[in-house]
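With the sequences and hints as input, model every part of the structure.
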Amino acid sequence: MKKRFFPFLLTLAAGVFLAACANASGGSGSTSLTVMGKKTDMEKSYMTEIFSRYEESTGNRLKIIAYEDAEFETKAAEKFAAGEAPDIFIHFHNADLNRFHADGHFYHLNGESWIGELTDSARAYCEDKDGNVLGLPFWESSVSGCYYNKTLLDSLGMKAPATQAEFDMLCQVLADLGYTPICWPADGCSWMFQFGLDPIFADDPGLLEKLNANEITYAEIPAVTDMVQWVADAAEKGWFGPDYLEHGWSDISTLLGSGEAVMTFIWDTWFYTDFEQGNRYSIEDFALMPVFMNTVEGGTYEGGNLNMMMVNQDSGQLQAALDFLAFCATPENYNAAFDGISTVSCFKGQTTNIQSAMVTDAAASIAARERVSTAASKIVGYSADDVMSAFDSLFRGKTDVPGCVRLMDEYRIEDAAKQGAEGF
Amino acid sequence: MKKWFGKILPSFLICAAGATAILIGIAYFHFISRKIYEDSTDHLREIYGQVNRSFSSFVERNWGLLEGWEDCFALAGGAESGEAAEFIAEEKEIWGFSEFYFLSEGKTCRTLDGAEADMELGWAWDGLFREKEPVMAGETLPTGQEITVFAVPVEHGEYEGFGFDAIAVSYTNEDLASSLNVSAFDGEAMSFVIHNDGIVLLSTQTGGSVFQNYLVYLRAASDLDEDALAQIQDDWTDGTSGLLQCQIGGVDHCILYQPVGYRDYMLLSAVPQSAVSAGFLSVQKITINVLISIFLLVGVTAAAILLVRNSRQSRKNRLELQYRESMFDVLSNSVDDIFIMLNTDDHSVDYISPNIERLLGIPAEEARADIRVMEKCAVNYDVVIPREELESIPLQGNRYWECEYMHQSTGERRWYRMTVYRMSIQDVKKYIIVLSDRTQEQQMNQKLQEALTAARSANEAKSNFLSNMSHDIRTPMNAIVGFSVLLEKDADNPDKVREYTRKITASSHHLLSLINDVLDMSKIESGKTSLNVDRFSLPELLSELNIILMPQVKAKGQSFTIHVQGAPPEQLLGDRLRLNQILINLLSNAVKYTPDGGRIEFLVSELPGSAQQYVKLRFTVRDNGIGMSREFQEHIFAPFSREISSVTNKIQGTGLGMAITKNLVDLMGGIIQVESEPGKGSTFTVELSFAYPEQEKTELWYRQKVSRMLVADDEEEICRDIREMMRDTGVEVSYVTEGAAAVERAIEAHRRQKDFDVILLDWKMPGLNGVETARRIREQVGADVPILVLTSYDWSEIEEEARRAGIDAFMSKPFFTSTFWQTIEPLFPEQGEQTIQEAEVTERVMEGRRFLVAEDNELNAEILTEMLNMEGAVHELAANGQEALDMFQKSAPGYYDMILMDVQMPVMNGYEAARRIRACGHPEAASIPIVAMTANTFAEDVRDAMEAGMDGHLAKPIDMAVVRSTVARFLGGTLQAADIHEEKKDPGQGPGGRGNA
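Sequence lines, in order, name chains A and B.
Residue 90 in numbering that gives the first Met the number 0 sits at position 91 of the first sequence, with consecutive numbering throughout.
Residue 942 in numbering that gives the first Met the number 0 sits at position 943 of the second sequence, with consecutive numbering throughout.
Each statement offered as a hint is correct.
Sample of chain A residues facing chain B (criterion: CB under 8 Å; computed from the structure): (1) Met157; (2) Lys158; (3) Ala161; (4) Met168; (5) Leu176.
Hints in this document: simulated from the structure, not taken from any laboratory.
Using N, Cα and C, we set each Cβ at its ideal position, and we do this for glycine too.
Spelled out as structure tokens, the structure:
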């Protein structure tokens with residue numbers, strides 16, 4: 000802790016100094032800021048809209064540096080390594096961000112005026128492990144949770160469970176009635192596992208810190224084993240249906256739409272992007288409830304994964320960059336940018352975006368149970384595919400629960416070592 | 000009917016008993032199930048009745064509690080809030096509710112600590128504030144926690160500024176559930192407090208509830224139809240209790256509902272049927288298990304008993320079977336019958352008695368593997384019985400075949416009767432085959448058949464014989480009778496008398512031979528013939544044969560040669576008489592059945608393989624006569640058999656000669672064979688073994704200084720035989736095959752002053768014959784060397800010429816050393832005189848001798864008297880043995896020279912008389928020659944005579960030549976008959992018997 004505290008102070012001092020320099024230079028005419036990001040991300044309508052509005056409003060110029068998705072991480076890292084880091088860097092707050100040494104390159108935005116505009120979940124997403132806000136969340140977002148066929152459940156005289164026990168009860172009753180309680184496409188459910196892991200590490204940041212310092216393993220965290228055991232039991236009890244091992248991403252829509260499956264762990268925007276209309280059940284038939292994976296009694300939601308606009312603290316136009324972020328965080332501007340976009344609100348004053356009824360209806364529950372995406376974004380060496388691979392061995396009887404946990408650890412540590420993470 | 004009682008009835012009874020047991024079991028199970036169901040539902044009603052009462056009591060108690068607090072809060076309307084809080088806290092501790100509320104008609108709600116609570120309560124507000132009734136309602140807190148609220152209306156009051164019209168307490172549903180939970184069904188029961196529309200107010204499930212509307216749930220998840228659901232709805236609306244069964248999620252459930260007693264609430268319980276009946280089912284299961292166990296135990300015990308009994312029975316059966324098989328094996332091994340059991344389908348062997356290996360030489364394993372191996376033993380393939388023929392045997396019936404098998408190892412053939420039984424026991428068909436050894440029976444049958452054939456043949460032969468004998472006997476008898484009549488008529492004519500007498504004698508001799516043959520055959524066939532083994536000389540035998548045969552041969556102009564091959568011993572032990580009889584029979588037949596001018600050869604040879612003590616000789620008689628048919632050869636040795644032909648019919652014969660010959664050969668342990676071809680002649684071969692007598696060592700040759708001899712014969716084989724026979728004598732034999740060569744050798748020896756001691760010449764040699772050769776030798780060598788002529792011919796015609804030519808003696812072929820010595824011995828002066836003298840005496844040996852003749856037959860006595868008189872002998876007659884004995888005892892020593900004793904006599908027979916004479920005290924009792932004179936002519940008779948103490952045997956009819964020879968043998972010829980006669984003239988010394996003395 001002591002080791003990290005000193006660099007933090009240095010960074011803070013340098014940031015203040017550079018901001019002053021930027022403000023000093025800002026008054027001398029138009030400014031040109033470099034913005035680096037993934038090409039597809041840069042082409043999002045709300046991104047192009049905000050970029051345009053900024054340039055029109057300020058007369059400043061934005062130099063967009065967009066890399067193809069496949070080579071983005073590599074080329075961006077090369078730029079950073081070459082001392083050619085952009086003024087503004089757009090990146091998700093995930094493990095890959097570590098290669099850019101987020102705590103050393105990017106300006107901490109805790110003191111910015113727009114911080115209060117952020118929803119709690121959006122802010123939490125943008126904070127680093129020390130509570131520093133690394134970037135402005137400007138992205139379409141969703142809420143991941145357990146989306147269930149409310150119509151079907153009502154027709155059965157049943158209600159959404161409020162506890163893990165009730166969830167398990169519901170699964171068993173549904174299974175007894177011949178339904179597939181949870182649509183769990185084993186060949187493409189990589190994201191599901193992090194829903195169970197999120198509360199473990201989000202609720203206990205110290206645990207995450209030890210894990211990332213390689214001081215502890217999954218196997219030493221009982222909650223992880225509990226989660227794996229629950230998944231194993233659920234599969235064993237038939238809660239995933241008889242053919243879950245053959246199901247993949249593309250099967251989710253059919254299974255849910257036909258009513259064969261009643262619930263699945265996914266995010267709301269999936270219903271607008273992948274759920275096929277024309278099935279027996281439509282979007283309106285579904286509702287949102289927390290994910291229950293035996294790691295937290297009341298269940299959990301995972302907040303959306305957001306692209307953050309981060310400011311290079313070494314930028315020669317630090318203030319201009321901070322001003323750009325402040326421009327984006329203005330309600331007038333973000334409402335203009337997200338007008339008609341289906342997304343969960345990241346800003347408290349966000350009004351023009353479209354929020355799904357499922358999320359809206361569960362707003363109170365989400366507010367009480369949502370956790371920032373922690374496992375996938377903050378566990379060093381975490382790979383959704385690796386976790387899915389470990390579970391695949393479990394599902395196919397190649398290993399048992401402890402073996403599955405051991406595999407998760409092995410893959411994680413291996414990836415962390417590849418990334419050159421400290422302590423691995 | 001018996002089968003029905005034996006097999007079907009027990010099976011029927013067992014099936015009926017089983018079916019009855021099953022029906023009873025089903026009925027019992029049905030009864031038990033029904034009973035269990037009724038008891039279970041009663042139990043369920045009872046339990047949930049208590050639950051319902053407990054819940055109702057709980058509700059009433061809470062309402063009562065709240066109503067009790069009304070006064071408290073009314074009084075405390077202006078009281079310190081701290082006191083109220085303290086009071087509620089104490090009550091909360093006591094009652095266990097989770098929260099206390101103040102409710103206002105404005106549908107606002109506050110907790111005791113003043114916090115605003117989001118309480119909806121729904122219809123309960125109306126009941127509470129409009130109807131002023133206590134209410135119970137479910138509520139979900141913002142945290143998701145579900146609670147049940149109990150509220151009562153109170154007089155309007157105010158607490159810390161909040162005006163209230165009702166007060167309430169809440170319990171978390173989880174707490175309520177735990178208080179209502181029924182642990183009687185292992186946690187499988189679910190209880191709900193529901194509104195009559197199905198909305199779930201409260202669930203007893205641990206951990207919460209997922210049911211929102213149980214009626215909807217039943218509609219979706221159960222197998223209840225709409226009518227049933229409507230009935231439920233009606234019941235709930237009417238507040239009526241009910242119990243029903245349905246399937247939920249494929250599981251049988253009992254659904255029990257009963258009104259709580261408050262408004263439209265019902266207590267609904269859903270319990271899996273298995274849980275409801277678990278206890279009873281457990282009892283049922285235990286009962287059933289016990290019953291099943293008892294049944295099983297009884298069944299297992301019965302089965303075990305049956306098994307043990309069956310096992311014991313099976314073991315006993317197996318043991319019995321094994322014993323029976325063992326016994327059968329032992330039995331079959333001890334008999335010559337083979338037992339086989341075959342499957343009728345494939346003819347595979349189930350059983351085969353092990354004695355098949357002993358009886359047929361086939362290992363039992365081989366036969367067991369494939370019965371067809373027996374075909375190898377079949378002498379003919381008639382024993383391979385076609386399958387169709389086997390299958391045609393009726394069930395439980397049998398059929399048999401006679402067959403002959405040959406033992407595979409020994410080649411022995413045996414006859415078997417193969418009886419095949421076609422058996423069927425419990426529909427399993429088998430062939431049981433018994434091969435009974437019928438060899439002895441077969442052989443006996445064959446022998447009987449042969450005997451029958453032989454008897455028929457013999458009978459036929461005897462008939463023929465009698466027919467022939469009738470003719471053969473009558474013919475000489477006719478001559479004897481006829482000429483006797485003529486003799487009487489012409490008694491005065493001496494010429495006719497001599498002629499008639501000669502013919503009567505000839506006919507008598509023929510008749511006698513007939514009688515002898517018949518008697519001989521009779522004796523042989525009766526088994527009373529025995530051999531009289533004694534030492535005899537083979538050369539003498541051959542010489543006698545030559546003498547006997549030669550007149551007949553000469554009469555028919557036939558050639559007769561005797562040839563001896565090798566060097567057979569001259570002295571043998573055997574029955575000379577029988578051997579002579581055999582050979583005379585063969586040679587006589589050869590002469591008889593060989594036409595005039597024919598050739599008869601007699602060959603004697605020693606067979607190889609003779610042992611040290613025995614010599615085996617082969618006698619071969621070969622002629623070129625009329626021969627015999629093959630058919631006749633087959634029974635030539637049968638008695639009374641004669642070949643019938645135009646030739647043989649003219650030849651006299653009894654048909655017994657060859658039978659006698661064969662029997663004699665058999666008696667002597669030899670064999671006789673015949674080879675013959677009609678028109679080409681016959682060859683009879685007799686092989687006999689003789690023992691060697693003790694050799695008499697003689698040094699004659701050395702004593703006479705005969706050390707070298709010359710033999711001349713054109714047949715070199717004869718020369719070599721002579722040299723071989725002379726080997727043991729130490730005499731050196733040189734031979735030549737021509738007369739001229741003999742002359743040269745003799746001259747050469749003489750020139751070297753080493754004359755041969757004896758020269759032996761064949762008479763008929765090419766070139767110089769024996770006589771001429773002898774003459775030339777005499778001319779050159781002189782008269783000192785003895786020269787003999789060896790010939791198989793009658794030398795009487797040339798004897799005079801030969802003697803003039805210098806030949807000293809003749810000897811007959813074949814050459815024998817003994818004969819040779821006897822021939823040359825007289826050529827030495829001191830030996831020759833005595834022999835000649837003896838010969839002369841023998842001719843007059845009976846003259847002057849006194850004989851005691853014992854003869855009971857007057858006719859025979861008369862004949863003998865006349866004959867003895869003719870010989871110049873004196874005799875005295877005794878009428879029986881006793882008389883002869885008396886006469887001898889009374890006689891002076893030397894009075895009688897010899898006793899001629901008949902055997903069969905009245906008073907005392909000859910044997911007894913001889914024994915008495917030998918035993919009497921007469922000085923000559925032991926030495927007086929006693930000669931049997933009897934018609935008992937068999938060898939046994941001779942032996943009996945000897946055993947009785949007699950010295951000789953004369954066969955009747957009396958042949959005086961034989962008598963003379965016999966007398967000479969015992970009395971010799973040294974005494975002058977006249978002298979003897981003179982000495983015995985003193986009648987006083989005689990016994991006074993009849994006779995010519």
